[in-house]
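Generate coordinates for the entire structure from the input sequences, incorporating the hints supplied.
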Amino acid sequence: MTDAAARARQRVAVAQCDTAERLALAREFYDAVPGGFSRYGYAELSFMRWSAARGVLEPESAVPAGSPWWRKVNEMLLRDKVEASLLTVGNSGNASSHSVRYWIDFLDKPSPARWYLAHNASIVAGYLKYEGLASEELKVERFMMNVALIRVLYTHAMLANPRLALGRRLAFLGPRLVDPRHRSVKMFLDLGRSFPREYPVAGSLEEVVLAEHALARMLDYGLIAPRLPALYEFAAEALEEPRLTSLLDDGVPAYVWPHADRSVWFIGNTGPHLRAIARMTGVRLLWAPSPYRRPYRRTRG
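Here the working numbering is used: the first residue of the sequence shown is 4, the next is one more, and so on.
Hint data in this document are derived by calculation from the structure and do not stem from the laboratory. Some hints here could point you the wrong way.
Claimed, not checked - Cross-link-like lysine-lysine pairs, in silico, BS3-like; alpha carbons within 27 Å at most:
1) Lys189 / Lys112
2) Lys132 / Lys75
3) Lys189 / Lys75
4) Lys75 / Lys142
5) Lys189 / Lys142
6) Lys132 / Lys142
Unchecked claim - Estimated spans, in silico, between C-beta atoms of each pair:
7) Thr91 / Ala205: 38 to 48 Å
8) Arg52 / Ala9: 38 to 48 Å
9) Leu218 / Lys142: 20 to 30 Å
10) Asp111 / Asp253: 34 to 44 Å
11) Ser100 / Ala65: 39 to 49 Å
12) Asp108 / Arg52: 25 to 35 Å
13) Ala9 / Pro275: 23 to 33 Å
14) Arg52 / Ala116: 17 to 27 Å
15) Ser207 / Asp111: 42 to 52 Å
16) Arg172 / Ala205: 20 to 30 Å
17) Ala65 / Gln13: 17 to 27 Å
Only a predicted model underlies this, so the values are computations on that prediction, with no experimental measurement involved. From the three backbone atoms N, C-alpha and C, an ideal C-beta is built for every residue, glycine too.
Right under this line is the structure:
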């Protein structure tokens, strides 16, 4: 008898060459249980639709081809969920990873906290496993990977440790804003306000960073950047993944990111308003100010 892990690999293999099939498989997990369970898929499916629109999930045979890294990280998330579903309904085998165990816990007793644990454990596992593929991507794409990571870690902290994420006075807002069942979570996980909807991204990294929507920049620089060391420590402990803290370089995101390029992260630190936002939430933004004074304007088609 084929165990659950092998069956999960087979099911994902069937979908991996068709973006629509990937989306259908992702939806299937949330649609399988009645009673409002499907709402837990809102954040994940929204991000997948953005990824699909960019073309990063397209197979190698497509013209243009997608991103090997984005495909593999997505496949790990899909496999973990399918395996957990199969084990929950009685298929043979044991959970092949701690991220699968988190998904089983979520299916056993769904809650926003359990969803974030399971989802982020799968995502972080994908990041760590496929660093080699990430290194083959353009610098601007690797920048986006880091931003996507800090966003999912931060939203988890807003729910599970809101005082860390928002400070004492605003902590009460965290769980209300990032419940994965509510549309408000899109404000934090939607990278469509931050980056172009194309792959590969045209233009320089400087242009892309400075064209980020003002609200997204306030989130990334005013709220998240000052908290990165504490945020990664929190996530490493919550997800039982100590290697996560190695993805920072002295407080700066460093997933497949050389030390010589640290200064790129300061480009978006474009004004004193970002430091003011940090102070309002009880922290200080110590990053160097941007050397650029006039933001580039991205032309939208």
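Contradicted hints - numbers only: 8, 11, 13, 16
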